[in-house]
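S.K.: Residue numbers (UniProt numbering), protein chains in the order written: chain A, 1 to 573; chain B, 1 to 88.
Quick caveat, the hints were computed from the structure, so don't treat them as lab data. Keep in mind the model is a prediction, meaning the values are calculated, not measured. Where hints are given, some of them may not hold.
Unchecked claim - Here chain A is said to cover these stretches of chain B; the calculated rule only asks that three of the stretch's residues, wherever they fall, bring their Cβ under 8 Å from a Cβ of chain A:
| # | segment |
| --- | --- |
| 1 | 5–11 |
| 2 | 18–28 |
| 3 | 33–47 |
| 4 | 54–68 |
| 5 | 71–78 |
Claimed, not checked - Under the rule of at most 30 Å between Cα atoms (straight-line distance), these lysine-lysine pairs were calculated in the DSS-like manner:
| # | chain 1 | residue 1 | chain 2 | residue 2 |
| --- | --- | --- | --- | --- |
| 6 | A | K481 | B | K4 |
| 7 | A | K545 | B | K22 |
| 8 | A | K482 | A | K427 |
| 9 | A | K428 | B | K22 |
| 10 | A | K481 | B | K9 |
| 11 | A | K427 | A | K481 |
| 12 | B | K22 | B | K4 |
For each residue, glycine too, the CB sits at the ideal point set by N, CA and C.
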Amino acid sequence: MDLKTLTMLIVGASFVLYFAIAIWARAGSTQEFYVAGGGVHPIANGMATAADWMSAASFISMAGLISFMGYDGTVYLLGWTGGYVLLALCLAPYLRKFGKFTVPDFIGDRYYSQTARTVAVVCAIFVSFTYVAGQMRGVGVVFSRFLEVDITTGVIIGMGVVFFYTVLGGMKGITYTQVAQYCVLIFAYTVPAVFISMMMTGHVLPQTGFGATLSDGSGVYLLDKLDGLVMELGFHEYTSGSKGMFDVFCITAALMVGTAGLPHVIVRFFTVPKVRDARKSAGWALLFIALLYTTAPSIAAFARVNMIETINGPTVAGQAATGTPYSDAPTWITNWEKTGLIGWEDKNADGKMFYSGDERNEVTIDRDIVVLANPEIADLPAWVIALVAAGGVAAALSTSAGLLLVISTSVSHDLLKRNLMPNITDKKELFYARLAAGVAICIAGWFGIHPPGFVAQVVAFAFGLAASSFFPAIIMGIFSKKMNSQGAIAGMLAGIIFTAAYIIYFKFVNPAANVADNWLLGVSPEGIGSIGMLLNFAVALVVFKFTKPAPEEIQQLVESIRYPRGAGEAQAH
Amino acid sequence: MGFKNDNDKQAYWRTTVLLLLKLLVIWFVVSFGCGILLVDQLNQFQLFGFKLGFWFSQQGAIYCFVLLIFYYVYAMNKIDQRFGVDEE
Chain A
1 MDLKTLTMLI VGASFVLYFA IAIWARAGST QEFYVAGGGV HPIANGMATA ADWMSAASFI
61 SMAGLISFMG YDGTVYLLGW TGGYVLLALC LAPYLRKFGK FTVPDFIGDR YYSQTARTVA
121 VVCAIFVSFT YVAGQMRGVG VVFSRFLEVD ITTGVIIGMG VVFFYTVLGG MKGITYTQVA
181 QYCVLIFAYT VPAVFISMMM TGHVLPQTGF GATLSDGSGV YLLDKLDGLV MELGFHEYTS
241 GSKGMFDVFC ITAALMVGTA GLPHVIVRFF TVPKVRDARK SAGWALLFIA LLYTTAPSIA
301 AFARVNMIET INGPTVAGQA ATGTPYSDAP TWITNWEKTG LIGWEDKNAD GKMFYSGDER
361 NEVTIDRDIV VLANPEIADL PAWVIALVAA GGVAAALSTS AGLLLVISTS VSHDLLKRNL
421 MPNITDKKEL FYARLAAGVA ICIAGWFGIH PPGFVAQVVA FAFGLAASSF FPAIIMGIFS
481 KKMNSQGAIA GMLAGIIFTA AYIIYFKFVN PAANVADNWL LGVSPEGIGS IGMLLNFAVA
541 LVVFKFTKPA PEEIQQLVES IRYPRGAGEA QAH
Chain B
1 MGFKNDNDKQ AYWRTTVLLL LKLLVIWFVV SFGCGILLVD QLNQFQLFGF KLGFWFSQQG
61 AIYCFVLLIF YYVYAMNKID QRFGVDEE
């Protein structure tokens, strides 16, 4: 059986599974549509959260980024895991006890203000759309490479699948599909890594393999060899950084805090039965995420060594490698050359490929192929390659579905029910939720087919805004009984405006000025969310000093969310 | 209401916040501390094939995060029981 048929079979089988789950887990009420009826087991919710969180970017792009960035890739590894500690300790249990459906719900009720609610709704929708555009594109890319359809067809297939189970099942359908998607994606991610680790170092676990000695008999540590190779080729040392330390600090902080403030992640903790489960569930979620996130840096290091050795040829007894003749190139190079993700230009006309970080370089490599081509590079069987395709699609679909649900809930619940049409019936609201999900999918699909050139740039936006708006407002809402609406609104606005202005200036208005010398305190637009967050806190506290504290009944509400007893099901209102 | 009196309520919250602060200090030290601020100093030490600082930043801190959350769950359940505010 050829690779294409095999891929179609495996991806097709995974779709059938998702559909079956969707039909089994149809949502009958708004409560089931928004929070799966609040009855999800903590381990299942942990898996669903992990799939929700790990997007096409985590699955396809992250290992590649680390592979090229080395130590600097740490910002993603720490940033996208550390936020769960904040989430588990400071947010999830209290928001679960509060027991409503959405983040704007909490902000609106806690700060007794429609203005605060509206600011939160706008942020939630903006952050989610920013994110979802990239996901749909990811589905398209995977389909086009492995099934040889064009990207538009790929995006439309992806839209159809997500439409089916999101609109039908709501949060209930999404949750159980995400559990299945997690299993598919983690299997697809770790299997090739284990194979490669065993081949290169003899270690079964990639996590220990990349700190082990190579099994070529040289007794050299893999990372030492890698450092030697890349330095010789004019790159910076793999295990140390090239970014400024303060910038690395700020980017990591912005990603962590942003993670803890992302509405599609927070809302997952509304779906478990008890406060205790919300805490436990965050632990499981991070454990499941850590499986992929500790494997990624190993894949990154293995792939870098493999790639350099394949292209430049092995180093023989002190003699520097001079390149591999193009006529001897392995098939994965020629395969991926067709997709444009690898390019070779024979600058010195010796018929050999050479890859380096200086003027001798003749090869361009797209970072995304590190994960996608990994099984081919390591010569693994075709079913593993097909599995990686299914995993990439699962990662992209699960995240899209979670985001689309946030958008649909924000519109039907926060905007219509809580703002514009308070007398709407549950059935009507459910109808609007489904309608909003449908419309959101079409918009997301449109962005997937016509990707705006700025998708990569706006990811900084999503995290920056989540970090500088939601996170401080929620933290102060829980840990300060007296924080008032004036303080919270002023803080959120200050945080958002500052962060947005900084990113817009450097990314869109004056991209030429986007260099370290012009940055405020040396902080790049990717990391500015952490400064925006501090500004939010500071402004909120100053405004609070000069205004009346929150009314008595709000202070009692805050007291009541601080301990677990009495957390009922998520309340309809 | 789960608490016997206001003193208990305040004591519960103080205990909780103290636990959070302790765990967040560890969280900060293993990630921002060992993985970023002190990475050059720690890199002088070797853990198998890893430089120690590099290991913290790409492996160790993540393991610590997972352990921190599970310890938090355990400790918080204890505190809830002690004050009689756990869920039945």
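S.K.: Where does the structure disagree with the numbered hints, that is, which hint numbers, in rising order?
M.R.: The structure conflicts with hints 1, 8, 9 and 11, although it agrees with all the remaining ones.
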